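**Student:** What follows is the residue order along each chain.
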Amino acid sequence: MTVPRYWRNIGAHYRLEGIRCKSCGEVSFPPRSSCPKCHSKDVEVVQLPRKGKVVSFSLLRSPPNGFEAYVPYYVVVVELENGVRVLGTLTDVFGEVKEGMEVEAVFRKISEDGEEGLIHYGTKFRPIA
Amino acid sequence: MKPKNPVSVYGWGSYVPPYRLTVAEISRVWGRDPVQYEEELNVKEKAVAGPDEDSATMAVEAGRNALSRAGVNPKDIGALYVGTESPPYAVKPTATTVAEALGVGPFSLAADLEFACKAGTEGLQATIALVSSGMIKYGMAIGSDTAQGGPGDHLEYTAASGATAIIVGPGSKDAAATLEGSVSFVSDTPDFWRRYAARYPSHGEGFTGEPAYFKHVEGATRALMEELGLKPSDFDYVVFHQPNGRYPLTAARDLGISPSALKVGLLSPMIGNTYAAASITGFSAVLDVAKPGQRVLVTSFGSGAGSDSFSFVIEDGIEARRDKARKVMDYVSKRVEIDYALYLKFRGGIRLGGGAK
Numbered sequence: 001m002t003v004p005r006y007w008r009n010i011g012a013h014y015r016l017e018g019i020r021c022k023s024c025g026e027v028s029f030p031p032r033s034s035c036p037k038c039h040s041k042d043v044e045v046v047q048l049p050r051k052g053k054v055v056s057f058s059l060l061r062s063p064p065n066g067f068e069a070y071v072p073y074y075v076v077v078v079e080l081e082n083g084v085r086v087l088g089t090l091t092d093v094f095g096e097v098k099e100g101m102e103v104e105a106v107f108r109k110i111s112e113d114g115e116e117g118l119i120h121y122g123t124k125f126r127p128i129a
Numbered sequence: 001m002k003p004k005n006p007v008s009v010y011g012w013g014s015y016v017p018p019y020r021l022t023v024a025e026i027s028r029v030w031g032r033d034p035v036q037y038e039e040e041l042n043v044k045e046k047a048v049a050g051p052d053e054d055s056a057t058m059a060v061e062a063g064r065n066a067l068s069r070a071g072v073n074p075k076d077i078g079a080l081y082v083g084t085e086s087p088p089y090a091v092k093p094t095a096t097t098v099a100e101a102l103g104v105g106p107f108s109l110a111a112d113l114e115f116a117c118k119a120g121t122e123g124l125q126a127t128i129a130l131v132s133s134g135m136i137k138y139g140m141a142i143g144s145d146t147a148q149g150g151p152g153d154h155l156e157y158t159a160a161s162g163a164t165a166i167i168v169g170p171g172s173k174d175a176a177a178t179l180e181g182s183v184s185f186v187s188d189t190p191d192f193w194r195r196y197a198a199r200y201p202s203h204g205e206g207f208t209g210e211p212a213y214f215k216h217v218e219g220a221t222r223a224l225m226e227e228l229g230l231k232p233s234d235f236d237y238v239v240f241h242q243p244n245g246r247y248p249l250t251a252a253r254d255l256g257i258s259p260s261a262l263k264v265g266l267l268s269p270m271i272g273n274t275y276a277a278a279s280i281t282g283f284s285a286v287l288d289v290a291k292p293g294q295r296v297l298v299t300s301f302g303s304g305a306g307s308d309s310f311s312f313v314i315e316d317g318i319e320a321r322r323d324k325a326r327k328v329m330d331y332v333s334k335r336v337e338i339d340y341a342l343y344l345k346f347r348g349g350i351r352l353g354g355g356a357k
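Which chain is which? The protein sequence lines are R and W, in order. So for the first sequence, the working numbering puts the first residue at 1; every next one is plus one. So for the second sequence, the working numbering puts the first residue at 1; every next one is plus one.
Just chain W, with the same shape it has in the complex (with noise of 0.2 Å):
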């Protein structure tokens, strides 16, 4: 898909919170084997919201570095999309939550979408298309998730928090980055899921890879390159979604490209799978780095199942907008360790009462 007129974008920000829980710990409290689940993951620790947080308020942190580095009015951003599959509450859209608290609004276009570990893409194809066809001028994409994995499971290994917001506007070399085409692929895929009244998500096992993360992140990648006319070795820069520290890497494998292009944007092994945020986080760091010219490829993938992929080539308005707000790896650099007990604590895992009325 290419948009009529063209997209940039004009902000980016993230948020990842300061508390990891490691590998390590979560397999002391279930007795396995803390090296063994390392290296099958590649990944160290998790990124875990502290008491007071939640998909609104992370959001918000990420937006605000975003409207920093845009230097846009709060009031021209005409659609705000929060995407996440750990919403605050059941009926109430965290949208508008987080558009009250970054001052956007009333007159924008509110929703929160809902797709697994793609709802933050999903928001970045909308907005692209609402400011390609003028009906806007700029619109904020966010991903933002508490990721909870059922105690025990691999899952919980690397279910994540974290965020990350994209301010897209018209197409200007003044920009930080500019669309050159995406695609997006979807199909019935039963590998993960959440029913309503279900605390925790279930897993088809067997189905996570091959017919879902791999089918579609590869699927959509390399339809993208056709649409583009791109090869391989065209982009400087690859982000994948990151459940785990493996897949992105067998992706890249299997498309022929180089693991270093990788490298930026693959966060998973230090901060867990942050599911809605996690390719637009990973998107975030490279714009944190990245020179005018050079070309970034992001590819998410969401259960259920389907991928948006996105080419964007740097503009030169970059250099003057990064410094404006705190970049991705000063979030994950700044760790404090937690043990299991401080994380239920943190995440509701204890029931509170009792005590002195």
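In isolation and in its complexed conformation, chain R is listed as follows (with noise of 0.2 Å):
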């Protein structure tokens, strides 16, 4: 990841921030300058829950450069309590992960640039035990 596109993308890695369109109430991640739904570019940026479920997983062993650390890692969808899905890794399973499972967002590591680059914070879910 590029220094400009890192942080670009702050708000919605560290803060989860997604964006709602004042013309047809649209809530969506990630942000955008217009709704992917009506297009309007009167949106605004919002919060979004820090709770949700697990939608879809996928157990990854083979990871791309920079995540070689984290390997077994989940990858998975999750939707959020207003209903926003998102795209994210779990962290700190201790057990069986199941579809409908509650996970609730936390503020981590999600890969470095070598060892000299930035590290790139951002937003993984852990189950809620």
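In case anyone wonders, no lab produced these hints; they're calculated from the structure. Any given hint could be a false lead.
Below, simulated DSS-like cross-link-like pairs (lysine-lysine); rule was C-alpha separation at most 30 Å, straight line [claimed, not checked]: (1) W:K263 / W:K327; (2) W:K92 / W:K263; (3) W:K291 / W:K2; (4) R:K41 / W:K75; (5) R:K51 / W:K334; (6) R:K98 / W:K263; (7) W:K75 / W:K137; (8) W:K173 / W:K334; (9) W:K4 / W:K291; (10) R:K51 / R:K22; (11) R:K22 / W:K327; (12) W:K263 / W:K44; (13) W:K231 / R:K51; (14) W:K173 / W:K92; (15) W:K231 / R:K53; (16) R:K22 / R:K41; (17) W:K324 / R:K51; (18) R:K37 / R:K53; (19) W:K291 / W:K137; (20) R:K53 / W:K334; (21) W:K291 / W:K334; (22) R:K41 / R:K51; (23) R:K98 / W:K137; (24) R:K98 / W:K231; (25) R:K37 / R:K22; (26) R:K98 / W:K327; (27) W:K75 / W:K4; (28) W:K291 / W:K263; (29) W:K263 / R:K53; (30) R:K37 / R:K51; (31) W:K173 / W:K44; (32) W:K324 / W:K345; (33) W:K137 / W:K215; (34) W:K75 / W:K263; (35) W:K4 / W:K231; (36) W:K44 / W:K334; (37) W:K231 / W:K75; (38) W:K173 / R:K51.
Bear in mind the structure is a predicted one, so any value in this text is a computation, not a measurement.
Got two chains here, each in a separate frame; can you build the complex from them with the hints?
**Tutor:** Here it is as structure tokens:
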């Protein structure tokens, strides 16, 4: 990830911010300059709920560069309490992962750009046990 | 030291990672007698940060818990200090990452503080002063560390991970606790250090106890009691920095403090030494259970060396805040034991690379 791209996404990645369309009311993630439903540009940044349920999951054992230290890990689609779906990964998994499993958003390291580059922080999901 | 205008604690919150490495497992790897080490240190196991955790991420979870209890808008946090001896970057503040993740700023003072295990309470002294002077309304002081000892060194048995955040604001009965006074006590003492390029810390054998920990912890605590006209029996709870499970008990004995006053805030036997987080995580555990009117003594210690000592009286407002976040014991009791190999994998002890390209 380039430095500008990382910086531009800090709100979404650190604080799980999405957008709400002032025209049609649609709430979505990630934040964009226009509503993905009605294409209105009248959108505002909103804080998304930090709890949700796992809708779909896949266990990943062959990671992309920068993610080697976290293997094996689950890539998941989480449906947040307001119905917005977010793609993410799970952390601190000690039991079986199931569809419908309750999770909460936590702030974690996502990847590192080598030993000299930026550390990329963001949101992961942790099972609520 | 007494603040010009009264200052209270509004929010407190901690984080301890679930992973535990036992003293017995470390002893197995280095061929030591596990029973002897457990008894010498009075530590059974230490908390270890996961592979995607560092001092910034742990500070954020502790800070989030503190904000939940304080019930203040993050934008009203006028100063945020992160005290740590394990910052993720050599140059780039941890405090701005933590502030950004918590929604604090941009109009906020933010800085990292470093003073070995004392860095968390330094932030507390500084935020108390800023609140008391009226320069800010609320301030957040965090101690967070993913401490490492050299492989096989006796520090490896206790160097642990954890974080605690304390939010202070103007004095109020509706807050959780109000500061009575504080003392800071420092001297140049070569008990523990790490040079820039060194991966692990070194320590001056023989300096750790008497001239370092006991001189500063007891010196600061005695001066505080004298300044406030208080005696050991006036404190319902006492928390000392806890590099192991033994030193705080010895300091209490020297000062005439009952060991029962130490019980709630003495966490190192279960989670090890969380460095800059250690004394304030003990304070956080006390705030999780203390009743209005009770008095709490907190004395930190950082190598190099120094102590900050504080006296707080619990306020009526504590009860309404307590259940708004996870408590210290919720984190301490959630434990997943790992072996030395996973510990190395989690903490960067394995050199990654190779494989299919």
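**Student:** Honestly, which of those hints from before does the structure not fit?
**Tutor:** 2, 6, 8, 11, 13, 14, 15, 23, 24, 29, 31, 32, 33, 34, 37, 38
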